[in-house]
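Chemist: What follows is each chain in one-letter form.
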Amino acid sequence: MAKLQLQGIRKRYGAVEVVKGIDLTVNEREFVVFVGPSGCGKSTLLRMIAGLEEITGGTLLINGERVNETAPDKRGLAMVFQSYALYPHMSVGDNMAFALRLAGVPKEARDRKVQEAARILQLDSFLDRKPGQLSGGQRQRVAIGRAIVREPRAFLFDEPLSNLDASLRVQMRIEIARLHRTLGATTIYVTHDQVEAMTMADRIVVLNGGIVEQVGTPLELYHAPANLFVATFIGAPKMNILPATARSGKNGATLLDLEGSGPIEVPGDASLQDGQPVSVGVRPEHVSLAESGLIGGSVEIVEHLGDETLAYVMLAPGRMITVRVAPDADVEVGDRVSLAVRTEAMCLFGADGRALRVPNLRQPRPRQVALA
Amino acid sequence: MNAPLSPATAAAPASAATAPLRRKPLVRTGPLLAPAVTVLLLWMIVPLAMTLWFSVQRYNLLDPTITGFAGLDNYEFLLTDPALPTVVLNTIKLLGGVLLASVVVGTLLAVLLDQDFFGRGIARLLVIAPFFVMPTVGALVWKNLLMHPVNGFFAWLATSLGFRSIDWFTDLPMAAIVTIVSWQWIPFATLILLTALQSLDREQIEAARMDGARGFTLLHFIILPHLARPISVVVMIETIFLLAVFAEILITTGGGPGQATTTLTYLIYLRALLEWDVGGASAGAVLAIVLANVVAFFLVRTIARNIDR
Amino acid sequence: MTNATAGRRPSTFSYILMTILGWTAALVMFFPIFWMVMSAFKREIDAIAVPPLFVFEPTLENFAAVQSRANYFGAAWNSIVISVGSTILGTLLALPAAYAMAFYPGRRTKDLLLWMLSTKMMPAVGVLVPMYLLFKNAGLLDTRTGLVLITTLANLPIIVWMLYSFFKEVPGEIIEASRMDGAKPFQQFAMVLMPLALPGIASTALLSIILAWNEAFWTINLTAANAGPLTAFIASFSSPEGLFWAKLSAASTLAVAPILVFGWMTQRQLVRGLTFGAVK
Chain A
259 MAKLQLQGIR KRYGAVEVVK GIDLTVNERE FVVFVGPSGC GKSTLLRMIA
309 GLEEITGGTL LINGERVNET APDKRGLAMV FQSYALYPHM SVGDNMAFAL
359 RLAGVPKEAR DRKVQEAARI LQLDSFLDRK PGQLSGGQRQ RVAIGRAIVR
409 EPRAFLFDEP LSNLDASLRV QMRIEIARLH RTLGATTIYV THDQVEAMTM
459 ADRIVVLNGG IVEQVGTPLE LYHAPANLFV ATFIGAPKMN ILPATARSGK
509 NGATLLDLEG SGPIEVPGDA SLQDGQPVSV GVRPEHVSLA ESGLIGGSVE
559 IVEHLGDETL AYVMLAPGRM ITVRVAPDAD VEVGDRVSLA VRTEAMCLFG
609 ADGRALRVPN LRQPRPRQVA LA
Chain B
688 MNAPLSPATA AAPASAATAP LRRKPLVRTG PLLAPAVTVL LLWMIVPLAM
738 TLWFSVQRYN LLDPTITGFA GLDNYEFLLT DPALPTVVLN TIKLLGGVLL
788 ASVVVGTLLA VLLDQDFFGR GIARLLVIAP FFVMPTVGAL VWKNLLMHPV
838 NGFFAWLATS LGFRSIDWFT DLPMAAIVTI VSWQWIPFAT LILLTALQSL
888 DREQIEAARM DGARGFTLLH FIILPHLARP ISVVVMIETI FLLAVFAEIL
938 ITTGGGPGQA TTTLTYLIYL RALLEWDVGG ASAGAVLAIV LANVVAFFLV
988 RTIARNIDR
Chain C
11 MTNATAGRRP STFSYILMTI LGWTAALVMF FPIFWMVMSA FKREIDAIAV
61 PPLFVFEPTL ENFAAVQSRA NYFGAAWNSI VISVGSTILG TLLALPAAYA
111 MAFYPGRRTK DLLLWMLSTK MMPAVGVLVP MYLLFKNAGL LDTRTGLVLI
161 TTLANLPIIV WMLYSFFKEV PGEIIEASRM DGAKPFQQFA MVLMPLALPG
211 IASTALLSII LAWNEAFWTI NLTAANAGPL TAFIASFSSP EGLFWAKLSA
261 ASTLAVAPIL VFGWMTQRQL VRGLTFGAVK
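Residue numbers (the numbering used here), protein chains in the order written: chain A, 259 to 630; chain B, 688 to 996; chain C, 11 to 290.
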């Protein structure tokens, strides 16, 4: 299995730079997810790793060897495409065997490998069918099978689940995760769906506008986002962001004045200036209904999901906060409620959007810098 | 499962040893494009250059002793030729007549064929058939079987309805030619416009329906505007091909009577292959090329806009 | 078939009305062809009968006469050679170019394609004189070779364009997948692209044959007795020779029938090919 290193990778199309200098290491057997909104450069990055796009700047190393100029099929990587990209005129078996056939692998060995991969993916009975006769999920598995058969050093997945409907997606997520455990393969997985990222990744790379916003384990990103973008991108429902102003309070404590409500005390020394504008990030599950809390408003919408209930509370015109309450909580639209905030779970962000380091609050791990 | 090298690289030791180092795109497109491009380039440049050259030469194959640089004499001769206005007018009549017929009738037929009716598929085949008939056959069938003043079908139709039969090619030569050429090109327009109609977004129609548009209103406000662009494409393409109408004139009237059906193209043909006036014909040819280029410019622009879609 | 203009459930009245209108239009447009085919089976006397005969004793003598006139087979053979020859030559030239432009586009690709299309827009008459003289000096006048060459040139832009548009329809990811699988460009072409593009290539070939078969300008002006294809052969009937309509019809029917069938088969591709994609 391979270890991949990206050093200062850039991609330029004419005058436009879409990938602006990425440093990253993917360790052996790791499942790394590139996630980000459309246009953030994640697919481009993946395609550069695969060799389908030229790398404009920087170095790509696989197991320490520079591969910028190596042809895609010589890098020891296999890719699963978003649209599966199966060969419609070949049978499933031939689809999976194609790469081996091109490499001159003798028929017996080819058949053996194809059978093996088919067994793992439960495609045995489909080997003679053409892709057109299969369902979306089955085609997906054939695409994965095609990659497995090549016994690559690393697997690349380009949004493989976006063409499947919701229930199938959940199923395939589990299968891919299980596959990863079985094969122990280095995997780079691209998606725009943060749920997929959170559930499948060993580490997540959040990309935005061609740069890396943060790299970390799912829980690190969840609890200690490095900036506002990551904070609001990861986690559904989204983290609540409330603007506030810092103030020195009694006994050297720091207070945050939220719009139209009482001040929140920041546990620990935040080293904030008086009057400094701060964004307070707090996840819906860390806000609760209280008898008399510091902030309050009227309930606009209530969503009953069965295992939990979400209440959307209007604190002030244009300022809505999401609160996760117990499924049996007695909340109705129009109620005036008081809310309490778990201040130890708060994230603070400066005016530039970056997380502020506050002792006693969880800190974001510094980004990994990749050097050989 | 955990082989350090993929089978591909293991089985190709020779190339793995010297992994292809290419900085440029993986395939050199030059050699692939070269044959077609070279051929078309030669086709464009050589004959055109020759035409231009001849147009400023005194060059008549009937009398090879007359040679020499003619300057703009040929052009002057062409432009002051008393026949030129007639020829230009004829060209306009032909173009205008056929374009009008094919757009109007073509649109009607397209709308008609878009309706659901019994045997629609076969009716459609019958309507577009004329386009595939070679122009010489088409011209002769019309000239003899249909338009012959004595034995032709039209003659019989006219007399049995109490009219005199028309001697088409003597009395209405241009109309006759316009009819024949329209017959061949109406199917073209119909097919194009029908295709365009069928690409009309169903949802737009349904939304208009919900707003209360029916039949004629629908036609006027939704369908015709949608067809505006395809119609302009049809007009441009037909213009380019209609400028080149030749066989029909050759076979039916030979440009006559007199010069009643001589178009610019036919005039050039006459000058070149009947009078062997290379110089004069070339001057006319340059004129035709310029005209065609004007239309081509707009057509290429329209195509360019669509190419990325 | 979509039904852009009519209602979802046309009333019986409008259905009948449309059927009448539609078939009237169809029969009117098709009538000349119908009449021609009918005449081919009439005796010459019947062919010029007034009033025109819808009922008559059919005969095959015209087809036999056409066969026995030595030129017909020769002309037909010339047509076949020119159509098929120019199609093959054109396709050979166009395939690599279309492939390069579709899968390895550069900045200039679009301009190149547009330029190629624009060469089709040049009026043939504009280069009649030079081509005639060039052919004369190269000994190509009245030769099949010469006609194959010039017809190829005339149709090449359309062939390139059509192949290009069919290639673009093959999903790029499939080709990329084959790249990842280790296929070299030629293998990508032969083992993945060709099987998928084959229907498109077939329609393109058919369209090219149709256009070449019907090409009248060069085939009339650059030939004489030897290499004249059917277009020129039929044109030679244009001077009135008395009783010959039935034979003319027979010859025309034979000349037109196969192309009619091809044309019916390639309707949709025709739109794509002749409007250069400007109408979808």
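Derived from the structure by calculation, the hints contain no laboratory data. Cβ atoms here follow ideal geometry from the backbone N, Cα and C, with glycine treated the same way. Mixed in with the good hints, there may be bad ones.
Claimed, not checked - Facing chain C, a subset of chain B residues (Cβ under 8 Å, in silico): (1) Ile-732; (2) Val-743; (3) Leu-832; (4) Pro-836; (5) Gly-849; (6) Ile-853; (7) Thr-882; (8) Val-920; (9) Val-922; (10) Val-981.
Chemist: Against this structure, judge whether each hint is valid.
Modeler: Structure-based check of all given hints:
no. : hint    : result
1   : Ile-732 : 10 Å, violated
2   : Val-743 : 13 Å, violated
3   : Leu-832 : 6 Å, holds
4   : Pro-836 : 11 Å, violated
5   : Gly-849 : 14 Å, violated
6   : Ile-853 : 15 Å, violated
7   : Thr-882 : 5 Å, holds
8   : Val-920 : 4 Å, holds
9   : Val-922 : 11 Å, violated
10  : Val-981 : 10 Å, violated
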